[in-house]
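*Asks:* Take a look at the letters that make up each chain.
Number of protein chains: 2
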Amino acid sequence: MTAKDELARPAPAFRQVASGRLSRQVVSQFQQLMREGVLGSGDKLPAERELAEQFNVSRNSVREALRELDLLGLVESRHGEGTFVRHPGPAELMAPFRTVIELSMPAAESVMEFRMAFEPGVAALAAANLTAEREQTLLAALERFEQAVHGEGAVETSDADFHLAVAQATGNPTVIAVHAAVYELLHDMRKKLPSASYDPHDKSVAGHRALLDAIRARDPARAGRVMHQHLSDVAGELEHQA
Amino acid sequence: MTAKDELARPAPAFRQVASGRLSRQVVSQFQQLMREGVLGSGDKLPAERELAEQFNVSRNSVREALRELDLLGLVESRHGEGTFVRHPGPAELMAPFRTVIELSMPAAESVMEFRMAFEPGVAALAAANLTAEREQTLLAALERFEQAVHGEGAVETSDADFHLAVAQATGNPTVIAVHAAVYELLHDMRKKLPSASYDPHDKSVAGHRALLDAIRARDPARAGRVMHQHLSDVAGELEHQA
DNA sequence: TACGGTTCAGAGGTAGGACCTCTTAACCAG
DNA sequence: CTGGTTAAGAGGTCCTACCTCTGAACCGTA
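As given, the protein sequences belong to chains A and B, one line each in that order. Residues 104 to 345 (my numbering) are what the first sequence spells out, left to right. Residues 104 to 345 (my numbering) are what the second sequence spells out, left to right.
Rather than coming from a laboratory, the hints here were simulated on the basis of the structure. Any given hint could be a false lead.
To be verified - One-sided excerpt, in silico: chain A residues whose CB lies under 7 Å from chain B:
1) Val160
2) Ser164
3) Glu171
4) Phe187
5) Val188
6) Arg189
7) Phe200
8) Met215
9) Ala220
10) Val225
11) Asp264
12) Leu267
13) Asn275
14) Val281
15) Ala283
Said to hold, decoys possible - Take a look, some chain A residues computed to stay more than 10 Å from chain B by CB distance:
16) Ser126
17) Gly143
18) Leu154
19) Ala198
20) Phe217
21) Gly224
22) Leu233
23) Val278
24) Lys306
25) Arg312
26) Ala338
The structure displayed is predicted, hence computed values, not measured ones. Backbone N, C-alpha and C fix where the C-beta goes; we use that ideal spot for every residue, glycine too.
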């Protein structure tokens with residue numbers, strides 16, 4: 104049987120032809136040049152029209168390639184100025200977390216539960232990794248929150264900002280990225296479901312104050328406990344509202 | 104002084120104008136439609152020319168938007184066929200960024216620290232939310248891990264699978280999504296940086312056993328402590344190796 | 001009946017040109 | 001020194017034309 108003969112011959116020896124989009128090839132070249140250090144951070148790329156000529160592709164293809172690199176954070180296009188190479192910071196590398204979380208379309212309750220599982224650890228880590236500079240940032244955030252509660256400024260966001268500041272204080276890019284992604288989700292939900300919002304009040308201020316104290320004392324265990332308590336209070340408020 | 108006058112006026116009341124690229128706006132619309140479930144996995148999008156008409160932008164802008172969605176894995180364009188919606192898993196969402204992530208060591212190192220902040224809370228939540236069904240899943244995962252350590256099966260992945268099973272046991276979609284995304288990153292790093300790998304051994308088995316015990320006992324506090332201890336051990340191993 | 005070739009329409013991929021808008025810098029006028 | 005004008009460079013958008021791939025319908029021949 105010819106069929107058997109075919110099976111007996113293990114190596115077809117037919118190489119894939121392959122090609123793919125031109126923009127992909129352009130992207131690959133750029134990535135390689137950046138790995139090799141030929142393209143350093145801050146370098147200005149040639150104009151799109153010129154790149155098109157050098158790569159021998161149309162400007163459209165060049166633009167699609169640049170858009171990809173832009174999305175990856177490897178490049179930044181500024182209208183009227185040019186396109187510049189950029190080595191993305193650790194936080195930006197974690198950007199896809201945002202999409203991952205958003206796509207899971209979590210319910211409001213699951214986000215609150217997530218916070219209770221996550222943020223105590225974040226607070227503890229912040230206490231462990233605190234530096235003088237981060238301490239100042241935290242202090243400033245707390246101050247803004249208190250002012251907001253007392254009527255000046257946006258109350259809705261200053262609470263989130265404080266929690267975000269705590270995450271920042273960990274100095275850990277993964278923590279910061281995840282935290283930011285989740286809070287963005289929370290922000291969206293609050294616009295849609297008023298039931299997910301709560302009015303910060305004096306008790307919240309006390310909670311934040313206690314948290315900051317624990318962090319400044321470099322006491323991870325206490326910071327974790329205080330954060331857990333604070334979130335429990337908030338969750339209780341939400342249920343009470345509903 | 105006019106400068107003082109400016110400062111005294113707290114509300115500029117000038118809204119940012121903003122606009123940005125057209126393709127961004129198109130991308131946003133698609134993402135929203137996908138979140139809302141209007142665009143289900145496998146759906147065929149209208150042709151580019153038609154989309155251009157409907158969005159009232161040029162085909163170029165539509166294409167740039169589709170390229171972005173393509174890169175994110177949210178859409179797949181097949182030459183000659185059409186463009187199709189895809190709901191990718193965490194693995195695919197992180198994929199494009201893996202080539203970039205090796206550029207940043209700090210980002211890689213931060214993942215382990217993230218786990219120590221996050222997973223104890225996950226374990227505690229799993230203990231609190233345990234059901235009979237999830238308990239069985241956890242048991243099975245532990246069994247596979249033990250078999251792998253004793254020489255049968257893939258050691259590298261069974262450890263991750265067990266931790267993933269713990270996250271699943273929380274029943275919280277947000278927790279599960281974040282956990283999956285982070286482990287995706289971890290998996291990738293282990294292939295590239297040998298320093299991020301460790302050999303699971305008997306001590307790990309003991310750690311996992313103790314963790315499962317605590318969860319089955321529905322003891323959140325103990326589960327959190329055990330997970331923290333387990334991760335500390337692993338981290339210690341890693342340092343010892345280096 | 002089965003296989004292979006042809007044709008055709010639909011859709012993505014590429015090209016190149018035209019025009020708009022933004023940014024910067026140089027220049028000019030008050 | 002300030003503010004307006006101008007011009008050049010560069011990204012953003014649009015349009016039109018053409019190429020190539022895919023799939024389906026329609027053949028023909030063995």
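*Asks:* At 10 Å, judged by beta carbons, does Ser126 of chain A keep clear of chain B as stated?
*Replies:* violated (7 Å)
*Asks:* Any Cβ of chain B at or closer than 10 Å to Lys306 of chain A, or is the non-interface label fine?
*Replies:* Since the minimum Cβ distance to chain B is about 23 Å, Lys306 of chain A lies beyond 10 Å and the statement holds.
*Asks:* Taking 10 Å as the cut and beta carbons as the points, is Val278 of chain A off the interface with chain B?
*Replies:* Violated, because the least Cβ-Cβ distance between Val278 of chain A and chain B comes to about 5 Å, which does not exceed 10 Å.
*Asks:* Is the nearest CB of chain B more than 10 Å from the CB of Phe217 of chain A?
*Replies:* At roughly 4 Å from the nearest Cβ of chain B, Phe217 of chain A sits no farther out than 10 Å, so the non-interface label is violated.
*Asks:* Over 10 Å from every CB of chain B: does Gly224 of chain A meet that, or does the non-interface label fail?
*Replies:* violated (3 Å)
*Asks:* Let's test the interface hint: is any C-beta of chain B closer than 7 Å to that of Asn275 of chain A?
*Replies:* For Asn275 of chain A, the interface hint holds, since the closest Cβ of chain B sits about 5 Å away, which is under 7 Å.
*Asks:* Please confirm whether Ala338 of chain A is truly not at the interface, meaning its C-beta sits more than 10 Å away from all C-beta atoms of chain B.
*Replies:* holds (13 Å)
*Asks:* Let me know if the C-beta of Met215 of chain A comes in closer than 7 Å to any C-beta of chain B, holds or violated.
*Replies:* Hint on Met215 of chain A: violated, closest Cβ of chain B at ~9 Å, above 7 Å.
*Asks:* Taking 7 Å as the limit, does the beta-carbon of Ala220 of chain A come near enough to a beta-carbon in chain B?
*Replies:* With a minimum Cβ separation of about 3 Å from chain B (threshold 7 Å), the hint on Ala220 of chain A holds.
*Asks:* Please confirm whether Arg312 of chain A is truly not at the interface, meaning its C-beta sits more than 10 Å away from all C-beta atoms of chain B.
*Replies:* Check passes; 22 Å lies beyond 10 Å.
*Asks:* With a cut-off of 7 Å, does the beta carbon of Val281 of chain A approach a beta carbon of chain B closely enough for the hint to hold?
*Replies:* holds (6 Å)
*Asks:* Would the stated hint for Val225 of chain A survive a check requiring a Cβ distance to chain B of less than 7 Å?
*Replies:* This interface hint holds because 6 Å falls under the 7 Å limit.
Checked against the numbered hints listed earlier, the structure breaks hints 1, 2, 4, 5, 6, 8, 11, 12, 15, 16, 19, 20, 21 and 23; every other hint is satisfied.
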